[in-house]
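If you read the sequences in order, they're chains A and B.
Counting in the numbering used here, the first sequence runs without a single skipped number right up to 167 at its last residue.
Counting in the numbering used here, the second sequence runs without a single skipped number right up to 760 at its last residue.
Hints in this document: simulated from the structure, not taken from any laboratory.
Just so you know, not all the hints are guaranteed correct.
Stretch-level coverage of chain B by chain A, calculated; a stretch enters the list once three of its residues show a Cβ under 8 angstroms from a Cβ in chain A [unchecked claim]:
1) 436-443
2) 459-467
3) 514-521
Label-pair distances were calculated between CB atoms; the ranges are [as the list claims (entries may be wrong)]:
4) A:L65 / B:E437: 21 to 31 angstroms
5) A:I51 / B:E415: 31 to 41 angstroms
6) A:D62 / B:N426: 19 to 29 angstroms
7) A:D160 / B:K741: 22 to 32 angstroms
Backbone N, C-alpha and C define an ideal beta-carbon position, used for all residues, glycine too.
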Amino acid sequence: MRRFSTLPFAGTPEQETQLRQWLAEHKEMPGVTMPALQKAQEIYGYLPIEVQRMVAEGLDKPLADIYGVATFYSQFRLAPQGRNRISVCLGTACYVKGSGKIHEKLQEKLNIKDGECTPDGKFSLDSCRCVGACGLAPVLMINEDVYGRLTGDDDELDAILAKYE
Amino acid sequence: MFRSHVMICGGTGCTSSGSDKISAEFQRQLERHGLQNEVKVVRTGCFGLCALGPIVVIYPEGSFYSRVREEHVEWIVTEHLLKGRPVRSLLFDETVDGERIKSLDQTGFYKKQKRVALRNCGVINPENIDEYIAYDGYAALGKALTQMTPDQVIQTVLDSGLRGRGGGGFPTGRKWQLACADRGKVKKYVCCNADEGDPGAFMDRSVLEGDPHAVIEAMAIAGYAIGADKGYVYVRAEYPIAVKRLRIAIEQARDYGLLGENIFDSGFDFDIEIKLGAGAFVCGEETALMTSIEGNRGEPRPRPPFPAVKGLFGKPTILNNVETYANIPQIILNGPEWFASMGTEKSKGTKVFALGGKIRNTGLVEVPMGTTLREIVEEIGGGIPEGKQFKAAQTGGPSGGCIPAELLDTPIDYEHLSAIGSMMGSGGLIIMDEDTCMVDIAKFYLEFTVDESCGKCTPCRVGTKRLLELLEKITNGEGTMRDLERIEELAEFVKNNSLCGLGQTAPNPVLSTLHYFRDEYLAHIQDKRCPAGVCKALLVYKIDPDKCRGCTLCARACPSDAIVGSVRVPHSIDTNKCVKCGACMETCRFGAISKG
Chain A
3 MRRFSTLPFA GTPEQETQLR QWLAEHKEMP GVTMPALQKA QEIYGYLPIE
53 VQRMVAEGLD KPLADIYGVA TFYSQFRLAP QGRNRISVCL GTACYVKGSG
103 KIHEKLQEKL NIKDGECTPD GKFSLDSCRC VGACGLAPVL MINEDVYGRL
153 TGDDDELDAI LAKYE
Chain B
165 MFRSHVMICG GTGCTSSGSD KISAEFQRQL ERHGLQNEVK VVRTGCFGLC
215 ALGPIVVIYP EGSFYSRVRE EHVEWIVTEH LLKGRPVRSL LFDETVDGER
265 IKSLDQTGFY KKQKRVALRN CGVINPENID EYIAYDGYAA LGKALTQMTP
315 DQVIQTVLDS GLRGRGGGGF PTGRKWQLAC ADRGKVKKYV CCNADEGDPG
365 AFMDRSVLEG DPHAVIEAMA IAGYAIGADK GYVYVRAEYP IAVKRLRIAI
415 EQARDYGLLG ENIFDSGFDF DIEIKLGAGA FVCGEETALM TSIEGNRGEP
465 RPRPPFPAVK GLFGKPTILN NVETYANIPQ IILNGPEWFA SMGTEKSKGT
515 KVFALGGKIR NTGLVEVPMG TTLREIVEEI GGGIPEGKQF KAAQTGGPSG
565 GCIPAELLDT PIDYEHLSAI GSMMGSGGLI IMDEDTCMVD IAKFYLEFTV
615 DESCGKCTPC RVGTKRLLEL LEKITNGEGT MRDLERIEEL AEFVKNNSLC
665 GLGQTAPNPV LSTLHYFRDE YLAHIQDKRC PAGVCKALLV YKIDPDKCRG
715 CTLCARACPS DAIVGSVRVP HSIDTNKCVK CGACMETCRF GAISKG
């Protein structure tokens, strides 16, 4: 699932200032590591090693601790995402209704594996465990849009993908 | 005063199917017809019948509109709200009985339900504290603080027989009792577990989305009972609507002095903070959850010491699940006898289930303990769609088991479910039909636990992985009878030796399917066949020469040129070349292609 980014880190000084400022303000908060990483991911979109290092410095904690937390939780991503983030629900309700096949089909169509991003940066594909719309199973999400009651037909999936630039 | 109320479901299910656009359209149409001061639009929590979403209910009539689309709104406004004639063709068909419109309580889905934890979901606007107060909200907190001692509160919860709704079933009152020593002398915490990790379960999310104040009120009551002044709600970051409503609710409660210092002039202080989880199933385990709130990797630790003695930040802590809390205010207000009058001998009250999978009425249901699975599947759930056969009901998610058709009359409570190799779990209830392969489902759950195992203890980290490999062997058609013995042996070992609940229950899906659906395992191993037609490696596609017209459609659809035959002559499939994608079967117009 987790893949490390091979793309060069392209953070801006503004982003760094924003993160460092937040870290300085919240350093003393109990249990700060997770909120700090959530904030960092909000700013950068993902958590490359450079950003983890900033968090470690800002909180005055070993990088190993930060890395340990960043790799533990599925919400944290170590690789950048596409402009459009596809997430296929593989929760049980969706799975028994065939979301596994939809997930496979999308991998074929986009020619990428789970957790990867297309070379043009247009789509990244992930699977998730339950978005909580089990009544609409099987479900996939692209960015904030939810597509439910899917059949998994090629035409249907093509039409959905065609909506995104 | 408004003459009509338009209640629009704002739960995740209905929001996903576009209920916010419908709500905006109602507002627009009402203004167009000058009705905005007569009719009020309210975004509520979940009505339960997610399969028919987006749902709109119009009061005072209680007309239940299902699968509403934006273009329906103008019609509903001009016909129903302007002329007073409900649009029958858009109403939920079970409520339409000839000329008469039945109330919801008489429909199959709602008839056997009893809403305690969900009582306000779909009834009030969860973003407005006044509506909660109008439905007796915070009256229980007032009663506890002004008329009861902390020990009386604990005794009431004990007497009610309420047990943890997160899955374990530990008596809630007992948990509180264990943490009540040294009130006022040591710092203590009250935590709420809203890290609903079971894939396919959304009860807790629905309670937080539909009735967040009930959880806040209950946590304050718990704080008073054990002598804690600080609460944490640990909630999944993947539940944005729930988090937002909880934030709003906490702010409102603070403004009204229902959280903060000296609540109800009783000298009792209590406040709540939200901690966002980041997606780790193991954090549903109590010690792991607390480690996660502390900001670390959410790994569990051995017990004892129990959290009641040494929990969050090393202080005595109680942790209850969202649904457990949602019952508390009702118990305080109506008394323990009222609560204990529902349910079975050892399992009191009601239980919320997220009903999903191959069932007509997917959604959220709340039934008294002791209701049978058959009642839920056949009456409330409306049976299996497309005329298929029921195969199994799965409860307890990755920790639970699959229950076969012959046990459908089992009453649902903690004892009965564990006796048949499953468990109550948090309340996910997934229905499977003849198209579901039970070996594949066991593999699905194990993939999940392998993924989510935190890695701290070896039996779980290595054992679940080895179990998964054995199952993969079987679904690939390479399994032997010796592998079945190995699975059973290893499963028992993982169960008995893992550190926390995740590992201790991880083998349940394998063991229960092996117990009740052994013939399916045997078909995979001995006949190299997947009876449900799911396991790819075991599938063989065949063309029936009597049905095939030689139209060549399938040959053109085949990505690997495995189909041979000339025009108007029956085709055949070269199984050596076939990649089993199923494209031929989808394109065939004559139903000549079968798999098995």
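How the hints compare with the structure:
1. 436-443: Three-residue rule met by the stretch 436-443 of chain B, so holds; n is 5.
2. 459-467: That given contact holds, which follows from 4 residues of the stretch 459-467 of chain B lying within Cβ reach (below 8 angstroms) of chain A.
3. 514-521: Contact hint for the stretch 514-521 of chain B vs chain A: holds, 3 residues under 8 angstroms.
4. A:L65 / B:E437: 21 to 31 angstroms: holds (28 angstroms)
5. A:I51 / B:E415: 31 to 41 angstroms: With Cβ atoms ~37 angstroms apart, the hint holds.
6. A:D62 / B:N426: 19 to 29 angstroms: Violated - the Cβ-Cβ distance for A:D62 and B:N426, about 37 angstroms, lies outside 19 to 29 angstroms.
7. A:D160 / B:K741: 22 to 32 angstroms: With Cβ atoms ~26 angstroms apart, the hint holds.
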